[in-house]
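Number of protein chains: 2
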Amino acid sequence: MKKTRVCELLGIEYPIIQGGMSLIANAELASAVSNAGGLGIISPNAGEPDWGKVAENLRSQIRKARSLTDKPFGVNFSIQLIGEDRSLIDIAIEEGVRAVTMGAGSPALHTSYLKEHGVRVLHVVASVRHAKGAEKNGVDAVIAEGYESGGINSPDELTTFVLIPQVVDAVSIPVVAAGGIADARGFAAALALGAEGVQMGTRFIATHECIANQNYKNAIVAASDTSTVITGRGSVPIRGLKSELTRHIQEAENAGASSEKLLTVPSPESADAAVQQGDTVRDGVICGAVAGMIDGIVSAGDVVRSIVEGYDRIVAGL
Amino acid sequence: MKKTRVCELLGIEYPIIQGGMSLIANAELASAVSNAGGLGIISPNAGEPDWGKVAENLRSQIRKARSLTDKPFGVNFSIQLIGEDRSLIDIAIEEGVRAVTMGAGSPALHTSYLKEHGVRVLHVVASVRHAKGAEKNGVDAVIAEGYESGGINSPDELTTFVLIPQVVDAVSIPVVAAGGIADARGFAAALALGAEGVQMGTRFIATHECIANQNYKNAIVAASDTSTVITGRGSVPIRGLKSELTRHIQEAENAGASSEKLLTVPSPESADAAVQQGDTVRDGVICGAVAGMIDGIVSAGDVVRSIVEGYDRIVAGL
Chain Y
163 MKKTRVCELL GIEYPIIQGG MSLIANAELA SAVSNAGGLG IISPNAGEPD WGKVAENLRS
223 QIRKARSLTD KPFGVNFSIQ LIGEDRSLID IAIEEGVRAV TMGAGSPALH TSYLKEHGVR
283 VLHVVASVRH AKGAEKNGVD AVIAEGYESG GINSPDELTT FVLIPQVVDA VSIPVVAAGG
343 IADARGFAAA LALGAEGVQM GTRFIATHEC IANQNYKNAI VAASDTSTVI TGRGSVPIRG
403 LKSELTRHIQ EAENAGASSE KLLTVPSPES ADAAVQQGDT VRDGVICGAV AGMIDGIVSA
463 GDVVRSIVEG YDRIVAGL
Chain Z
163 MKKTRVCELL GIEYPIIQGG MSLIANAELA SAVSNAGGLG IISPNAGEPD WGKVAENLRS
223 QIRKARSLTD KPFGVNFSIQ LIGEDRSLID IAIEEGVRAV TMGAGSPALH TSYLKEHGVR
283 VLHVVASVRH AKGAEKNGVD AVIAEGYESG GINSPDELTT FVLIPQVVDA VSIPVVAAGG
343 IADARGFAAA LALGAEGVQM GTRFIATHEC IANQNYKNAI VAASDTSTVI TGRGSVPIRG
403 LKSELTRHIQ EAENAGASSE KLLTVPSPES ADAAVQQGDT VRDGVICGAV AGMIDGIVSA
463 GDVVRSIVEG YDRIVAGL
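Protein sequence lines correspond, in order, to chains Y and Z. First residue of the first sequence: 163, per the working numbering; consecutive thereafter. First residue of the second sequence: 163, per the working numbering; consecutive thereafter.
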């Protein structure tokens with residue numbers, strides 16, 4: 163596999179980045195991905211639903227990851243969660259983290275500060291306009307996230323297939339493709355579209371190292387091609403598995419319920435309940451449209467290795 | 163470029179199929195695609211909004227195409243439009259057409275009949291279940307059409323990126339990818355995902371040979387990444403360019419308007435008006451999410467040739 167600019171930027175062997183899934187992207191998962199040659203990512207609140215304890219949790223997650231790998235790993239910051247507060251960013255810098263993935267907010271807020279401290283910044287975008295804005299604000303790469311993605315989604319609904327080439331044409335920095343990718347075929351397709359790497363979230367949830375509840379992982383494995391749905395259109399679109407909860411929300415939406423009423427459903431609490439307690443029927447299982455392609459719980463390292471091995475075979479067949 | 167099973171099946175040089183767009187997929191367009199080595203497709207009502215004249219129109223379109231190319235071309239039948247009536251199918255058979263693309267209805271209806279008469283059948287599907295059903299009914303290949311597609315869309319919303327690999331895994335017949343493809347990058351990505359060919363609609367509208375109104379073509383060329391939208395969710399989802407009309411529909415949908423009320427908007431008449439008369443502001447311009455990637459009106463043959471030429475360069479770079 164050829165090295166791309168994403169490999170050089172991050173000092174990694176393969177341009178495979180793990181999504182920094184809130185609550186569940188823990189040190190064990192991140193270090194396993196990094197040890198296999200990708201870039202593991204820690205979520206500050208991994209395993210810690212109490213945001214009041216997020217600072218010490220982040221520090222301990224970083225230190226744990228450092229004890230498990232001597233390769234680079236990163237941290238994900240949701241700008242929606244941290245706002246203008248740099249205390250968590252400062253912890254990452256103090257602890258020697260050299261790369262962050264950021265999203266759900268403006269790249270104008272923290273990019274310069276991070277770059278002054280030698281940290282590589284990858285910013286999540288979902289349209290050409292946002293990609294250009296991120297580049298203008300000095301980010302090192304954009305993670306272009308398609309409509310297939312799990313969790314909070316863009317109302318623009320640009321799919322990976324049409325988003326990646328248009329972002330590649332619009333910016334000169336490297337583009338990482340996210341949304342709909344779970345295997346070597348998706349990786350090869352993303353690179354054919356012009357991406358120089360991929361980010362995968364859902365695929366890495368269904369791994370031994372991820373701390374998501376077993377029911378949560380099992381629900382992803384059991385999912386078929388038509389199992390995910392977008393709720394919250396008109397307010398905050400979120401993709402997850404169809405459930406009693408999403409049916410309830412869709413009925414309310416179809417009846418014209420106001421955005422305000424729907425804004426907090428599924429709530430952070432319900433998502434947390436699914437992740438931590440495994441109540442996947444009552445609560446929302448947030449995951450990407452790629453869930454139907456995931457048919458087993460494997461080790462995170464094997465996810466990376468199977469892509470690396472499969473890639474050469476796919477390219478040879480083209 | 164290696165030959166795929168789609169090339170063998172259809173007797174064509176490159177596995178590039180032109181979408182059989184209702185009203186506008188005319189003999190000149192189809193023959194240009196076929197002459198360039200792809201498979202051109204005629205729409206029975208191309209240039210003829212009066213369905214009462216569709217039989218003679220189809221016959222004359224086939225004969226015109228035959229006069230313009232000695233290569234294979236096909237006809238598209240919307241099962242929603244023809245129902246159980248085989249009179250148009252019989253015309254295609256009489257006139258020596260050897261391949262049809264079909265969709266918007268059950269493959270159980272006409273597949274056996276067509277195959278008994280030596281016609282290759284490609285059926286449009288948008289989920290694994292429909293792909294398996296089409297295979298079971300004896301179709302020669304499925305055209306797996308992603309959420310990116312223009313016109314009538316599936317409520318399942320499976321994007322090309324996640325649809326293609328899952329359909330490829332589910333059936334043993336060849337899979338043609340449709341939705342979001344306009345250039346060599348998309349073609350290469352589709353093949354990386356396991357497809358053995360592509361179908362493109364929107365890209366072929368913006369060609370010199372297509373009879374769509376110039377305003378319609380210009381609107382596609384002017385489109386950006388965020389220019390298309392789905393309306394008719396909950397009834398018949400349709401993708402087209404954002405317009406006054408789609409804004410009006412979306413407002414009604416958000417207010418909880420009934421499916422019945424929205425079912426005929428945009429109506430066939432309004433789509434026809436856009437295609438024929440070019441009123442792209444008042445009426446709907448139906449096209450795929452890939453419109454933002456199309457930046458000029460070219461010849462249909464050049465569309466095919468640019469993909470063939472670009473493909474080797476892309477694969478060499480992987």
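Everything labelled a hint here was simulated from the structure, so no lab data went into it. Take these hints with a grain of salt, some might be off.
Identical chains share a label here; the pair holds if one copy fits it or two copies do between them.
Below, in silico cross-link-like pairs of lysine to aspartate or glutamate (EDC-like), each with a Cα-Cα straight-line distance of 20 Å or less [to be verified]: (1) Lys215 / Asp252; (2) Lys294 / Asp457; (3) Lys277 / Asp474; (4) Lys233 / Glu406; (5) Lys215 / Glu246; (6) Lys233 / Glu257; (7) Lys164 / Glu257; (8) Lys164 / Asp318; (9) Lys226 / Glu170; (10) Lys164 / Asp474.
Verification of the supplied hints:
1. Lys215 / Asp252: within (15 Å within a copy, 73 Å between copies)
2. Lys294 / Asp457: This pair counts as between: shortest inter-copy Cα distance 19 Å, intra-copy 37 Å.
3. Lys277 / Asp474: Classified as neither: same-chain Cα gap 35 Å, cross-chain 38 Å, threshold 20 Å.
4. Lys233 / Glu406: neither (42 Å within a copy, 53 Å between copies)
5. Lys215 / Glu246: within (18 Å within a copy, 66 Å between copies)
6. Lys233 / Glu257: within (14 Å within a copy, 66 Å between copies)
7. Lys164 / Glu257: neither (31 Å within a copy, 51 Å between copies)
8. Lys164 / Asp318: Cα proximity of Lys164 and Asp318: none, with 33 Å in one copy and 36 Å across.
9. Lys226 / Glu170: neither (25 Å within a copy, 56 Å between copies)
10. Lys164 / Asp474: both (10 Å within a copy, 17 Å between copies)
Hint violations for this structure: numbers 3, 4, 7, 8, 9, all remaining hints satisfied.
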